[in-house]
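Undergrad: Given the structure of chain A, go ahead and fit chain B onto it with the hints provided.
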Amino acid sequence: MSGKTILYVEDNEYNRKIVRRLLGDPSYRLIEAEDGESGVAQAFQELPDLILMDVQLPKMSGLDATRILKADPRTAHIPIIVITSFALSGDREKASAAGANNYLAKPYSPRELLALVRQYLPES
Amino acid sequence: MRPSLENASLSEDPEIKIEQLADLVQRRTPLHLLVHWVAGIRASVHTKLLAAFLIVTGIFVVMALVSLQTLVSTTQQGQSLDEAHELVSLAQQAEHALARQMHYTDLALLSQDEVAIAKILRENNRFNEKLAMIEATGTTDRHLFEQIRSSQDEVMAVVADMANAIRDGKLGTVTGALLRRQEQLDGEITSRVGGLVMAQQNRMARLRESVDAANHRSIILTSVFAVGAVIFAMFCGFVISWSFILPVREAQDFLDKVAAGSFGERISVPNRDEFGVLADRMNHMSRELHRFDTEQRRAAAELGRLNLQLAQTSKEKSDFLANMSHELRTPMNAILGFTEMVLDGLYGDVPAELKEPLADIQVNGRHLLRLINDVLDLSKIEAGRMELALGEYSIGEIIEIVRASLRSLAAEKGLEFAVNVPSDLPVAYGDYGRLTQCLMNLTGNAIKFTRHGRVEIGVELVGSELIYRVSDTGIGIPNDQLENVFKEFRQVDATVTREFGGTGLGLSITKKFVEMHGGRIWVESEFGKGATFFFAVPLRTKGDAE
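The listed protein sequences correspond, in order, to chains A and B.
At position 2 of the first sequence (counting the first as 1) the number is 2 in my numbering, and the numbers step up by one without a gap.
At position 384 of the second sequence (counting the first as 1) the number is 384 in my numbering, and the numbers step up by one without a gap.
No wet-lab data here; the hints were simulated from the structure.
Not one of these hints is a red herring.
List of simulated lysine-lysine pairs, DSS-like, C-alpha gap at most 30 Å:
#	chain 1	residue 1	chain 2	residue 2
1	B	LYS380	A	LYS59
2	A	LYS94	B	LYS317
3	B	LYS17	B	LYS48
4	A	LYS94	B	LYS315
5	B	LYS355	A	LYS17
6	A	LYS94	B	LYS542
7	B	LYS317	A	LYS59
8	B	LYS315	A	LYS59
9	B	LYS529	B	LYS448
10	B	LYS380	A	LYS94
If we strip away everything but chain B, and leave its shape as in the complex, we get:
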């Protein structure tokens, strides 16, 4: 099943097949040595490519020159062939003239007419003319011409004798001898001129053969050069491209390893060109990455150790706070408890002059308790150990608790104390205890800082936000101090602390609780006329419990 799948995928992508084949070739053959050698040449990629192109171009230029030279020689041989052809033609013409001359000679003998003699001379002239033309080319043995000429001279001597005999009317007596002589000469000269024609024809045939051979050679030479140049170009392309492909592959493997987090890897390529420089840079990068990574790990380990230590310290601090909270409150409980019982007469009647100092102990004890609570709360918040206890609660209940707790304090100061709560508020979700503490702090402050007039608690649901409001007609807050009131240990000024008391922590604790609910707190005030503190929390606070 598997091979067929592979085959299918190979046939689907021929490019991959070719690349695999090329890979196989360069690995299994000595070509890889050459590839490594080319890679190792200390020259730029540009230079290597240029050199390869120049070599291939050079081969083509040489091929072109060889072709040109072949062309020139072919042209020249063509001309020689033409000339040879012409010579053959001349020789044939001469042979023809000779034949006619012989014909007229026979005719002259038969007709005994001087006109025929003139025709013989004319043909003789034509023959001589052609012969001279052939001889002028110098292509034939001079000896043959001499033999032909001497034969011709003898023929002409016979013709002259013949002409004289005709003129003297004694032809009949010489005819026999002349005829024999003439026949002998005719045979001789015909054979010689035939030899000339044959010679010229042979020459032409030899020339044609050599032209054919030269053409054949040039075709082979040109083909060899062309095929050689193509093969060499492919070879150069193969070797040079693999000398680039191999380092690129190495780089890919290297980068994959680095990307997988294996820093400090080294890449090794034989190249001494741009790829070699690139490999050096990558090695440098790898070393640096390794160094950074090691540092980072050490730092992370150190940080983890510190974090653990910090968490331990924080837990110890938190445990300490929880213990302190108990340790401090237990004696406070006893002090306040005994004081209240003494004042309530559980230990018998209290002398009138002791009532005031006992009440002072009670007031200061309560103040000390508030301080302790605030400091412990704030410490817990700062340590990040304060967690909200989210649950369903009734808004009306919170307001009623605050009203009930502070009603008598307001009454003692002669202040009007009002509560303004809509009757149709839904059940809310949040930390009942902490929200009560917030409203208690704000209302306590309002009563504390108001000498005359009224203090009012209100609440209102706006969208999904509950807005609690505590307004008073007290001393108010100067504009430039509005920002500071929520900071720790801040009261408007030191004289205020002396007159009104308080820890200065209540507002900052309130702010933190409100913010832990995902809410916000703010104040509006006109100095000397009073202040209104608002805090808004979601009707349903988001948290783990919901």
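Isolated chain A, as found in the complex:
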């Protein structure tokens, strides 16, 4: 029985590879999506325990996807960490306005990401 499900929405293959390795721990089940639309679809289908959402995505931006998920009663409770391109002024505000629970500025340190994930999904 695998542990908590984490949905990672990111279009860059290498960044997905990093997270895949980082969360390769058997206590997590990582599912991935490459664009905003499929990210939303996956979230509705899988109802993960945590979503890591990149901001700049094909088809639908991460912020729009966050808004949709936070507006839907099925997914509204799922914590979402938005990953911005840069700690640009306003990005943090935009992310929290869209309903994100937290945000991480790119380039992030894998250690920081892991710490954040653990904050939301404490290991049992």
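TA: What follows is chain B alone, placed relative to chain A:
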């Protein structure tokens, strides 16, 4: 309701009524042709006015001359009248003398006294004397005088006969004949002298009539001249003034149109005087204005087009920057992420000899990332696309973030790293992220340029101004370089860059962010002993959000 209002306003201002009336007169009568003719005379206003005054003055001078002449002739006629009066008086005296002569003659006949004869002679002399005086004036028919004289001579002959008879004492015998003869002569002469008196009286009456007629004529003539001169003066004034008023009105209409922005209008006046010249100048001005306006409009349109183009270009540039920001950071994220995970042993144990090159990749990757961030920030600022995200923030939080991020770097260099923050600071308003970046830049620099000693961050509230301070005991900045440190790509010198690294953009970006907050930045330094950077921003930054 409306007419009564108009009436009221007209009666309130009689001047307007008069002007309206004058306007009506000059437009509805052939006077306007004359006004146009006067306007069209090729002469200056001065000349026209002078000519009108001279004509009016001339009329008055002629009137004065006529009056003078009348006065002279009246005086002369007065004298003639006096003379005539005197003649009448003389004639009457002569008549009187004749009557007395006749009286004495009767007396002589009755009294038969020679004394009476002497009195007759005396009266005869007096009569002759008056008659001669009248005759000398030549005013009466000479024939009458001859008749009177011959009658008188006969009378005197009778008187002589009478005197002889008296002297001879034979009066009684001749009395009857003498008496008859004398009575006949007396009747004759009395009638003739009466004719003379009548003639003189008639003459005087005729003279008086002619004087009266002359006086009457001169009164009429003088009145006609006076009234004519006044009317002509008014007429000249009317025509000349309207020949000025009309172009002035045209000019007013014209100027109103120009003021309303209708350039290129033309003014047309018949005047060939100063007003004509003025109209030519106004037409010239109007043409020039039209030309300038057209040029201006073309330039404005061109400017608008360029501006639009520029805005488009700027937007494209800004979009490009935003994209680049993402495109550059995504691979950087992967490079730094993989490096960190390898170093953290997520891919298995790292051989000792690979640890140093991996750490070098990490250091240089981070440096490259900083460069990218700085260049993108600066580009965005230069493009005017950088906007502050204003909000409430905690000053203590900013300082804690900077302290936490740089503590290990300071520790690695063996530097003392202190923070000095009052505990009672209020919540501030500004761009949290950018102010953090500013303090991070200054503190990062301080640690970078300090080999031994300490780095301290401080903050203090002075009035409504927050003053952040970062001081170090580093290499310091020469006096002549203090001005330059905030310029792009400036470091104190090239060797510094080689030894300490850095992009040279951090301070200029910091300065721009501080200025966007409405603040200022400055540095105090003693070369070789350290530097203190200050930046002051309003506790509550003014912006759209507040």
